[in-house]
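A.B. asks: Below are the chains, spelled out letter by letter.
There are 2 protein chains.
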Amino acid sequence: MNKDIPDIVIGRLPVYLRELNQMANSEGLVTTSSQELGRRLDISSAQIRKDLSHFGEFGKQGTGYHISYLIDQLELILHLTTTWNVAVIGAGYLGHALVNYRGFQRRGFVVKCLFDIDQQKIGTEMGRLVVQHLDELEASIHQNDVQMAILACPPNVAQDVTDRLVEAGVKSLLSYVPGHLNVQDGVQVSYSDPVIQMQRMTYYLEPG
Amino acid sequence: MNKDIPDIVIGRLPVYLRELNQMANSEGLVTTSSQELGRRLDISSAQIRKDLSHFGEFGKQGTGYHISYLIDQLELILHLTTTWNVAVIGAGYLGHALVNYRGFQRRGFVVKCLFDIDQQKIGTEMGRLVVQHLDELEASIHQNDVQMAILACPPNVAQDVTDRLVEAGVKSLLSYVPGHLNVQDGVQVSYSDPVIQMQRMTYYLEPG
Chain B
709 MNKDIPDIVI
719 GRLPVYLREL
729 NQMANSEGLV
739 TTSSQELGRR
749 LDISSAQIRK
759 DLSHFGEFGK
769 QGTGYHISYL
779 IDQLELILHL
789 TTTWNVAVIG
799 AGYLGHALVN
809 YRGFQRRGFV
819 VKCLFDIDQQ
829 KIGTEMGRLV
839 VQHLDELEAS
849 IHQNDVQMAI
859 LACPPNVAQD
869 VTDRLVEAGV
879 KSLLSYVPGH
889 LNVQDGVQVS
899 YSDPVIQMQR
909 MTYYLEPG
Chain C
709 MNKDIPDIVI
719 GRLPVYLREL
729 NQMANSEGLV
739 TTSSQELGRR
749 LDISSAQIRK
759 DLSHFGEFGK
769 QGTGYHISYL
779 IDQLELILHL
789 TTTWNVAVIG
799 AGYLGHALVN
809 YRGFQRRGFV
819 VKCLFDIDQQ
829 KIGTEMGRLV
839 VQHLDELEAS
849 IHQNDVQMAI
859 LACPPNVAQD
869 VTDRLVEAGV
879 KSLLSYVPGH
889 LNVQDGVQVS
899 YSDPVIQMQR
909 MTYYLEPG
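Heads up: the protein sequence lines correspond to chains B and C, in order. Count the first sequence with my numbering and you get residues 709 to 916, in order. Count the second sequence with my numbering and you get residues 709 to 916, in order.
Source of the hints: derived by calculation from the structure; they are not laboratory data. Treat the hints with care, as some may be off.
A pair counts as met if it fits within one copy or between any two copies, since identical chains are not told apart.
Okay, derived cross-link-like pairs now, SDA-like style, lysine to any residue, Cα gap no bigger than 20 Å in a straight line [unchecked claim]:
| id | residue 1 | residue 2 |
| --- | --- | --- |
| 1 | LYS820 | ILE716 |
| 2 | LYS829 | ALA732 |
| 3 | LYS820 | TYR801 |
| 4 | LYS820 | ILE830 |
| 5 | LYS829 | TYR801 |
| 6 | LYS820 | VAL878 |
Build the full structure now, drawing on both the sequences and the hints.
C.D. replies: As structure tokens, this is what we get:
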């Protein structure tokens, strides 16, 4: 085991974990193989075995993987044995969708606080949270032991909010805001922009 | 020019395009360089030059790129000179956020129709669209000349909806549903799952 594992390998582990949970919890399966997992995910079985081999030996030739054991190991590797506290910035339509998304808690994340600057929204309830003013960002992050943040705010304030989050100790950000964010080394930003994903696909389409 | 350009290169072109539009439209810049673009995006200038060189010569040594020319060329390459019609499946919180997102139209996409199966929602207006019953999916896709779809529906119906979309001629899907979707060759699926992105980041965090 080492820390020099390519990030693209790390990026596939949550996908394996999600599928294994589906197999165990929704389908009641007990064992699987790299072939079966690969078939379900359109990834080669060799790739799956190679990815997992970075972290140890999790299966046996012939008998495959015990799903619950592999789930436990992946959760250990990805640091999902404790839950992570999350702040959401922006209580617009997207922020509303995020705080109401039930998939977070089940998979290791708890949205602890939600911020906006719209006086009409502050103090109102949204998905079991009360919308707080952005002025309370730093205090609430410390109070709630928040380690991660999701940006769903307007683009013109995204960098400023990012700087404040990082200054307050947040080390990982998921940004739904279109545009690149500048952060210091050691802080990770993951981006989600539907248009970027769609423009990547139109390259392969016949223009009308 | 050829069609065997790595998909990871294609995936960076929309990011370049977004930044160039920011430079031209919001900052009034006329020219740029691979150094400046790279600095803004945390990508090496050599990478940018190499990516663009797959498609031709867009800049001059010393003088750099004319931003509006490079924007035009990237839009041609990515097939963004016409707009693409999009269907959104699922009128929950996320569907609501998607149909209200103003970033689509400006960047080449028009959400034409929105589907759900909840009788309470069908016929109501959401983001200038009227929610339609999923029964109308195929008819509405043909009528609106829809080429792409965004899935924001519950996981248990996602594969069935995908099959219907593909059967109706949709070639590109952006899925916000957790889980892998099976499609035939020639159909592209792009996934957006916040938990997958966040679990990739917790690997690098110190567990609490």
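A.B. asks: Against each hint, give a clear statement of whether it holds in the structure.
C.D. replies: A quick look at each hint next to the structure:
1. In the homo-oligomer, the alpha carbons of LYS820 and ILE716 never lie at most 20 Å apart, since the shortest distance is 29 Å inside one protomer and 35 Å across protomers.
2. Within a single copy, LYS829 and ALA732 get their C-alpha atoms no closer than 41 Å, and across copies no closer than 34 Å, so neither meets the 20 Å cut-off.
3. For the identical chains of this complex, LYS820 and TYR801 are neighbours both inside a copy (18 Å) and across copies (19 Å), given an alpha-carbon limit of 20 Å.
4. For the identical chains of this complex, LYS820 and ILE830 are intra-copy neighbours only, at 15 Å inside a copy versus 33 Å across copies, given an alpha-carbon limit of 20 Å.
5. Both within a single protomer and between protomers do LYS829 and TYR801 lie at most 20 Å apart by alpha-carbon distance, with minima of 12 Å and 17 Å respectively.
6. Taking identical chains as interchangeable, the C-alpha atoms of LYS820 and VAL878 lie at most 20 Å apart only when both belong to the same chain, with a minimum of 13 Å there against 38 Å between chains.
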